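J.: Based on the sequences and whatever the hints tell you, model everything.
Chains as they are written, first to last, in the numbering used here: chain C, 18 to 491; chain F, 18 to 491.
Since the hints were derived computationally from the structure, they do not count as laboratory data.
All of these numbers come straight from a predicted model, not from anything done at the bench.
Identical chains share a label here; the pair holds if one copy fits it or two copies do between them.
The calculated lysine-lysine pairs, modelled on DSSO-like cross-linking and capped at a C-alpha distance of 30 Å, are:
1) Lys201 <-> Lys362
2) Lys406 <-> Lys89
3) Lys380 <-> Lys442
4) Lys442 <-> Lys431
5) Lys296 <-> Lys144
Each chain, written out:
Protein chains: 2
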Amino acid sequence: MLIPVIMSGGAGTRLWPVSRRAHPKPFMRLADNETLMEKTLARALAVTGANTVLTVTSRDYYFLTRDEYLKKCGEDINYDFILEPFGRNTAPAIALAALRVQSQFGGQTKMLVMPADHLIADLDAFKAAVDTAIELADEGNLVTFGIDPTHAETGYGYLRQGAELGFKNSFQVAEFVEKPKQEKAEEYLSSGDYRWNSGMFMFRVNDILQALASNSPDVYNSAMDVWAALDPEGEPLELPAEEFTHCPSISIDYAVMEQADNCVMVSGDFGWSDIGSWKAIGELYESDEAGNRIRGKGILIDSRNCFIQSDEGRMVAAIGVNNLVIIDTGDAVLVSDTEHSQEVKQVVSQLNLQDHESAIFHKTVHRPWGSFTILEDATDCKVKRLTVKPGQVLSLQRHQQRSEHWTVVEGVAKVRVGDDEFLLKANQSTYIPANTMHRLENPGAEDVHLIEVQTGGYFGEDDIERFEDVYGRT
Amino acid sequence: MLIPVIMSGGAGTRLWPVSRRAHPKPFMRLADNETLMEKTLARALAVTGANTVLTVTSRDYYFLTRDEYLKKCGEDINYDFILEPFGRNTAPAIALAALRVQSQFGGQTKMLVMPADHLIADLDAFKAAVDTAIELADEGNLVTFGIDPTHAETGYGYLRQGAELGFKNSFQVAEFVEKPKQEKAEEYLSSGDYRWNSGMFMFRVNDILQALASNSPDVYNSAMDVWAALDPEGEPLELPAEEFTHCPSISIDYAVMEQADNCVMVSGDFGWSDIGSWKAIGELYESDEAGNRIRGKGILIDSRNCFIQSDEGRMVAAIGVNNLVIIDTGDAVLVSDTEHSQEVKQVVSQLNLQDHESAIFHKTVHRPWGSFTILEDATDCKVKRLTVKPGQVLSLQRHQQRSEHWTVVEGVAKVRVGDDEFLLKANQSTYIPANTMHRLENPGAEDVHLIEVQTGGYFGEDDIERFEDVYGRT
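T.: See below:
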């Protein structure tokens with residue numbers, strides 16, 4: 018038995034301004050309008066044939082992830098979740114995933130660990146590698162997936178191959194190597210002995226737990242403490258912060274793979290990319306004769322080898338420039354030399370230092386019930402467009418400082434204001450005075466779209482008193 | 018007597034995305050938050066001591082120009098206007114301005130012609146040049162202002178100096194020279210005989226009319242026809258389109274100055290700039306050690322000699338780039354190599370070909386009664402923020418296809434809906450069904466701010482039936 022485990026952790030700061038803490042890289046949409054996460058889910062199910070998928074992610078992303086999954090693969094799959102209160106790198110996450118799979122499917126069950134934010138272009142080749150990995154894992158090995166390098170990349174770690182094993186493209190791992198400098202990377206490439214470390218793994222749950230216990234007892238023991246403290250009936254499973262905070266923040270490579278003597282690799286070239294920079298994303302698009310790529314609205318004059326992405330309808334014009342990526346969102350724009358696109362992290366650090374909203378939030382913010390987009394954020398009013406999904410209901414709430422004026426523009430909302438409850442149809446509006454309990458619900462089968470005009474002196478998200486909330490946010 | 022004449026014509030397409038047809042270059046705000054037009058007005062009054070200023074502009078800009086003037090110089094100045102239905106270059110405009118000044122102040126009156134969108138840093142030096150020009154004009158000369166060149170500029174025309182005259186820094190004009198190629202420009206610079214042609218002039222109205230009659234009778238006669246056809250009591254003076262369309266579209270340089278034998282120049286270095294490109298605007302700002310200049314919100318990493326302007330709160334980040342101008346507005350961004358910034362025109366041409374709104378309108382559109390900003394423009398609704406100035410009133414109007422929901426967020430509005438008329442205060446809202454006459458007015462002393470949510474199927478500006486309009490737009 019084989020359960021895919023999707024690890025959906027990092028913030029993807031190198032892909033700002035599209036990837037942000039509240040809506041990180043796995044939720045980014047590519048040219049085909051699919052998110053990386055949707056692609057990962059479909060791939061996980063296709064190569065394993067499983068009908069259960071376990072996802073380890075932050076609790077902040079639970080509703081959004083579940084929505085993406087349901088949209089992509091429907092209701093017939095069992096979407097199991099482990100929700101982290103904060104990140105602790107991959108070793109504790111994999112330990113807890115292994116404990117979950119062990120408790121549900123037994124210790125001989127294999128896990129295929131996949132990051133949620135990678136791309137694999139050649140699914141058949143990947144499937145073949147997974148099949149080999151299954152056989153290696155069944156022999157008690159801890160299997161990594163190595164990628165045949167196509168260039169001297171300095172952004173990845175490498176695996177040095179050891180003795181060949183009895184299966185196709187499979188080797189002992191002689192050494193795990195950190196991200197190299199350019200010169201080293203070129204050496205690795207020309208030697209033919211090195212593979213990129215993809216961060217994907219396959220092992221039986223008993224084997225990885227045993228390897229953790231022997232090689233990193235602190236990770237193992239702290240994970241066991243978390244496991245003992247959590248509510249096993251929780252749906253989704255929530256990791257208790259008090260215990261989880263004691264887990265060392267360490268990668269599975271450091272904690273286990275570099276030390277275990279049963280670590281092997283399956284290698285291959287299956288069009289893998291961690292799309293870790295705007296350069297890599299640009300390369301997914303066809304270029305014109307001048308080497309330019311445009312997604313969205315762009316005009317290029319006397320320019321070469323540029324990539325423009327403008328997703329929110331804004332016009333981007335470039336003149337007399339070469340080798341630039343220009344990424345435009347509703348509230349921010351990035352202009353970077355293609356070869357410097359790894360440095361986007363530094364921008365995000367500066368934004369965090371400045372406490373600038375664009376480090377974390379987009380103008381559109383996702384909520385369990387749907388989403389809102391900020392249309393105006395002024396001193397005298399705040400205007401939002403709300404989208405409420407069918408069957409969803411916002412919390413029963415009250416604001417101290419602001420009144421709200423709602424105008425439905427699509428769908429039919431059920432509205433409670435004080436003790437009154439009534440339906441509000443498109444082109445109808447209502448008024449919620451400050452200090453009045455109210456609730457918004459979509460009882461229909463289509464999205465409700467509504468414009469909310471807030472008036473008053475203060476419009477912060479912290480002026481919400483929640484009384485009842487179906488999503489457990491009171 | 019000396020009347021300043023401000024010519025406010027061109028669209029300033031080289032300064033897109035800030036300068037657009039509906040809000041062109043003279044209305045651009047510089048670092049000190051003043052518009053070019055405000056600066057030109059103040060300069061015109063300072064150097065002439067006049068209390069009348071005549072402005073020739075498009076009728077589209079009348080209200081906005083008047084508002085800028087009143088804000089800058091108050092009610093004590095007589096702001097006279099000639100409104101063009103469309104542009105016909107400078108010769109017809111100057112001819113009609115001369116006829117206007119002649120009719121009001123007599124033929125011996127001098128005009129100081131100044132474009133509305135230039136900068137002059139050294140007002141004292143300019144005043145001295147104007148004083149010299151007065152004496153030259155009183156002798157019957159047509160005076161141009163030549164600027165001592167500081168570099169081999171290819172973007173300006175040049176004046177070659179002839180014989181010295183009896184006044185300081187004044188010469189015959191030996192030749193008018195078109196914008197030169199780089200090599201020629203360098204020759205001109207090193208010879209010391211050439212000045213930049215600033216497009217400013219001084220002459221007595223009888224002299225310029227006589228010069229037009231002898232050198233360009235077609236301009237003269239067609240301008241006389243326009244003059245005969247217009248309503249001289251009009252306030253402002255509106256040029257009749259039917260006659261004005263017969264005026265040749267030609268500059269005063271071509272029509273008169275290059276041919277007349279009484280053409281002279283006053284030269285000087287008074288910190289003049291036509292700020293005809295983003296490069297020139299960037300140079301108005303202090304740079305940091307890396308040569309970077311930021312107006313608004315910007316982060317620069319590993320970048321040199323860049324100019325960022327972001328006026329509407331959006332964050333601009335740049336990495337690993339040099340010599341770029343990055344200009345961000347609410348709905349568009351320009352990224353240009355500094356030395357290519359003259360090519361912005363080509364972007365505007367392409368936008369016009371695509372019929373793209375950003376060639377013409379900003380998200381904020383000015384109206385005689387105030388302004389509106391488009392917050393959302395979707396298929397199911399359009400949301401605007403309206404600002405109505407004190408004492409102003411929108412037209413009595415009706416829409417076929419859309420209903421409107423108004424929420425006042427600041428001030429007190431007087432609202433008519435159907436036959437009802439009532440006051441609407443902050444935090445109050447009202448509903449205007451489709452096909453209902455309505456009117457919005459600000460009877461108070463402070464601006465009224467209002468959020469308008471339009472619902473229905475069509476939201477174009479052409480679905481406005483106007484019944485009464487104090488600005489003559491019915």
